[in-house]
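Student: Starting from the known structure of chain A, arrange chain B on it as the hints suggest.
One letter stands for each residue in the lines below.
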Amino acid sequence: MRERRHARRLLIAMLAIAAVLPVLTLLVRALADVWRAPAVLPQELGLRGVRYVLSDGAGVVEAVVNGALIALLATAGALALGWPAARALAAAPRRVRHVLVLAIAMPLLVPQYAIGAGLAEWFIRLGVTDTVLAVALAHLIYTLPYVVVVLAGAFSRELIELEEAAATVGAGPLQRLALVSLPASRTALATAAMMALIVSWSQYGTTLAIGGETTTLAVMLVPFAQSDPQIAATLAILFLAPTLIALAAVARTLRT
Amino acid sequence: MTGASLRPRARGALPAVAALVVLFGGALAGAAWRSVQPESLVRDSAPRLDAWRTLLHDAAFWESLRFTIQYTVLATAISAALALALAAALRRAGRGATLLAAAPLPAPHLVVATVAVIWLAPGGLADRMLGVVALDVIGDSAGIGIVLVYVYKEVPFLTLLVLAAWTPGVSEREEAAAVLGAGSLARLRHVVWPSVRAALTIGSLVVAAFLLGALEVPLVVGPSTPTALSQYALEATRTVEAAGQATAAAALLVGAGLATLLALALGRLVGRADA
Numbered sequence: 000m001r002e003r004r005h006a007r008r009l010l011i012a013m014l015a016i017a018a019v020l021p022v023l024t025l026l027v028r029a030l031a032d033v034w035r036a037p038a039v040l041p042q043e044l045g046l047r048g049v050r051y052v053l054s055d056g057a058g059v060v061e062a063v064v065n066g067a068l069i070a071l072l073a074t075a076g077a078l079a080l081g082w083p084a085a086r087a088l089a090a091a092p093r094r095v096r097h098v099l100v101l102a103i104a105m106p107l108l109v110p111q112y113a114i115g116a117g118l119a120e121w122f123i124r125l126g127v128t129d130t131v132l133a134v135a136l137a138h139l140i141y142t143l144p145y146v147v148v149v150l151a152g153a154f155s156r157e158l159i160e161l162e163e164a165a166a167t168v169g170a171g172p173l174q175r176l177a178l179v180s181l182p183a184s185r186t187a188l189a190t191a192a193m194m195a196l197i198v199s200w201s202q203y204g205t206t207l208a209i210g211g212e213t214t215t216l217a218v219m220l221v222p223f224a225q226s227d228p229q230i231a232a233t234l235a236i237l238f239l240a241p242t243l244i245a246l247a248a249v250a251r252t253l254r255t
Numbered sequence: 000m001t002g003a004s005l006r007p008r009a010r011g012a013l014p015a016v017a018a019l020v021v022l023f024g025g026a027l028a029g030a031a032w033r034s035v036q037p038e039s040l041v042r043d044s045a046p047r048l049d050a051w052r053t054l055l056h057d058a059a060f061w062e063s064l065r066f067t068i069q070y071t072v073l074a075t076a077i078s079a080a081l082a083l084a085l086a087a088a089l090r091r092a093g094r095g096a097t098l099l100a101a102a103p104l105p106a107p108h109l110v111v112a113t114v115a116v117i118w119l120a121p122g123g124l125a126d127r128m129l130g131v132v133a134l135d136v137i138g139d140s141a142g143i144g145i146v147l148v149y150v151y152k153e154v155p156f157l158t159l160l161v162l163a164a165w166t167p168g169v170s171e172r173e174e175a176a177a178v179l180g181a182g183s184l185a186r187l188r189h190v191v192w193p194s195v196r197a198a199l200t201i202g203s204l205v206v207a208a209f210l211l212g213a214l215e216v217p218l219v220v221g222p223s224t225p226t227a228l229s230q231y232a233l234e235a236t237r238t239v240e241a242a243g244q245a246t247a248a249a250a251l252l253v254g255a256g257l258a259t260l261l262a263l264a265l266g267r268l269v270g271r272a273d274a
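Those sequence lines, one after another, are chains A and B. Residue numbers for the first sequence follow numbering that gives the first Met the number 0, so the first one is 0 and each next one is one higher. Residue numbers for the second sequence follow numbering that gives the first Met the number 0, so the first one is 0 and each next one is one higher.
Here chain A stands alone, though its shape is the one from the complex (with noise of 0.2 Å):
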């Protein structure tokens, strides 16, 4: 019995370990100006880093807001094309809905460089190629089947059936969707919207392939992390950080 308690103990601090340490590594190296090894500490603590992002001409601010618009167009798109096939999926046939599932998830299993490419041939002909409308449309492709997933899940056989009841009361279809769809299946939404923010925001190869000037933080932090681990740190944080809020506001939706 004690043996087990140790072992228990050794487990959780080994996973708030490898939870806590690249959070921690990326904050301090942020904050190092000089870490000349073999020091095991900073030499000399500074927002070099910061300043980095701050300035002009780095472009990094650009990036965010690119970063973010572009996963907000995924994720707008996504949901409104993703509710209705999550309604039709949840309603199918077992041997349809597996049928349907595999082909909206199969481009979550190609690489995602190869999509970039071949998009980017139609994209350059059509002369849209390096807009964020562009590389929101590319993500769509991985946005899309996550959100189908996860609100194919929200759609059982009682909300269908709470929708026939207001009806037949006469709810139009506005008010059903207002007043009985979007709040019985609002945990579900939130949660595929917070999904899908973090896979376009997280995306790397097929921004590199469709963005060109339009660059988001994946495809700036890249170049860095091997050259200047300083800076590399700072846009890390800055990368990690809303996916981090996202989870959180997941976690809150979750409990209430």
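Hints in this document: simulated from the structure, not taken from any laboratory. Nothing here was measured: the structure is a model prediction, and the numbers come from that model. You may find that some hints are simply not true.
Just the calculated beta-carbon pair ranges, DEER-fashion [stated by the list, open to error]:
1) Thr-186(A) to Ala-9(B): 56 to 64 Å
2) Arg-50(A) to Ala-264(B): 44 to 52 Å
3) Pro-46(B) to Ala-79(A): 35 to 43 Å
4) Ala-79(A) to Ser-44(B): 56 to 64 Å
5) Leu-55(B) to Val-95(A): 33 to 41 Å
6) Ala-177(B) to Pro-172(A): 50 to 58 Å
7) Arg-10(B) to Leu-132(A): 38 to 46 Å
8) Ser-44(B) to Thr-186(A): 49 to 57 Å
9) Gln-174(A) to Arg-237(B): 20 to 28 Å
Which residues of chain B face chain A? A partial, calculated answer using Cβ under 8 Å [claimed, not checked]:
10) Gly-11
11) Pro-14
12) Arg-33
13) Arg-91
14) Ala-96
15) Ala-106
16) Leu-109
17) Thr-113
18) Arg-127
19) Ala-208
20) Gly-212
21) Leu-218
22) Val-219
23) Ala-255
24) Ala-262
C-beta: ideal position from N, C-alpha, C; glycine also.
Tutor: Relative to the frame of chain A, chain B by itself:
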């Protein structure tokens, strides 16, 4: 309006399926077109297979393919084994421990790769703390750095899948087997494994398909040679010749083909698990 008319019809899925067919199908068609049209952006001409010939005769491509499959198989197998062990340990450790184990899930791969460089590069924090032990796993030709980053990222995902399949019913059967004298290994093999196998295999296939095509982690922690398959394609696009774009497209289609094979296997498994 009658209740029956409110039933969601299959056509509700059409806009989403159409969007994916246009975008995803268009992407694959675009890559295929580019691979047989080395100068497609300058002028369209009769399809040529030069890029495919170049690719198939390029030793660096085969080396990239071997390297990509090697780290994909290694990282997936290690992640699956660790996920099974971690799920077994977490079952008795409480909800807080499971939440801690899931913590790396939302972190982008690129962030984990950045942390790996800070810790594991020559002269990095691990090197400094361990002193004499020289670590050489960032940019190593065996791809150990890539495997480590992927294991850190994928173990939580697979662990959650295993835990979802490890239902109270399975635990009850485990207890019954224990009462009948089955040891822990026998319980794992005959009771737990048959219950969690489908979830772990499906999850592992999803992980493997993702790793086959991912670009950012090999770019940050991988070696300059051999390169990952997507990295090989990226480098081909950066050559001055237009033919490089076609070679890149061909290489990416090989990656897409491998992923499709995995997806087909996945489809069969999901179908079987669903039956």
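Student: Taking the hints in turn, state whether each one holds.
Tutor: Status of the hints after comparison with the structure:
Taking 56 to 64 Å as the suggested C-beta distance range, the pair Thr-186(A) and Ala-9(B) does not conform, at roughly 26 Å. In this structure, Arg-50(A) and Ala-264(B) meet the distance hint of 44 to 52 Å, their C-beta atoms being roughly 51 Å apart. A beta carbon spacing of about 37 Å between Pro-46(B) and Ala-79(A) agrees with the range 35 to 43 Å that was offered as a hint. At about 40 Å, the CB distance of Ala-79(A) to Ser-44(B) disagrees with the hint of 56 to 64 Å.
The hinted range of 33 to 41 Å is satisfied by Leu-55(B) and Val-95(A), whose Cβ atoms lie roughly 40 Å apart. A C-beta distance of roughly 56 Å is found between Ala-177(B) and Pro-172(A), which places it inside the suggested range of 50 to 58 Å. Evaluation of the 38 to 46 Å hint for Arg-10(B) and Leu-132(A) yields a failure: the beta carbon distance comes to about 27 Å. The given range of 49 to 57 Å is respected by Ser-44(B) and Thr-186(A), whose C-beta atoms sit roughly 55 Å from each other.
Between Gln-174(A) and Arg-237(B) the CB atoms are about 56 Å apart, so this pair departs from the stated range of 20 to 28 Å. With a cut of 8 Å, the hint placing Gly-11(B) at the interface with chain A holds, because the nearest CB-to-CB distance is about 4 Å. Evaluation of the Pro-14(B) hint against chain A yields a held restraint, the C-beta minimum of about 5 Å falling below 8 Å. The closest approach between the C-beta of Arg-33(B) and any C-beta of chain A is roughly 5 Å, which is under the 8 Å cut-off, so the hint is satisfied.
The closest approach between the C-beta of Arg-91(B) and any C-beta of chain A is roughly 7 Å, which is under the 8 Å cut-off, so the hint is satisfied. The criterion of a C-beta within 8 Å of any C-beta in chain A is met by Ala-96(B), whose closest approach is roughly 5 Å, and the hint holds. Interface hint status for Ala-106(B): upheld, as the beta-carbon distance to the closest one in chain A is roughly 6 Å, under 8 Å. Checking Leu-109(B) against chain A: minimum C-beta separation of about 6 Å stays under 8 Å; hint holds.
Satisfaction of the interface hint for Thr-113(B) is found here, the shortest Cβ-Cβ separation to chain A being roughly 5 Å, below the 8 Å cut-off. Checking Arg-127(B) against chain A by beta carbon gives a least distance of about 5 Å; that is within 8 Å, so the hint holds. Interface restraint check for Ala-208(B): the shortest CB-CB distance to chain A comes to about 4 Å, inside 8 Å, so the restraint holds. At its closest, the beta carbon of Gly-212(B) sits 2 Å from a beta carbon of chain A; the interface hint therefore holds under the 8 Å criterion.
Hint status for Leu-218(B): holds, given a least beta-carbon distance of 6 Å to chain A, under 8 Å. A cut of 8 Å between beta carbons decides the hint on Val-219(B): the least distance to chain A is about 4 Å, and the hint holds. Annotation: Ala-255(B) was flagged as interfacial toward chain A, and the flag holds, the nearest CB pair being 5 Å apart, inside 8 Å. Taken as an interface hint, Ala-262(B) checks out: its beta carbon lies about 5 Å from the nearest beta carbon of chain A, inside 8 Å.
Going down the numbered hints, you'll see the structure goes against 1, 4, 7 and 9, while the others check out.
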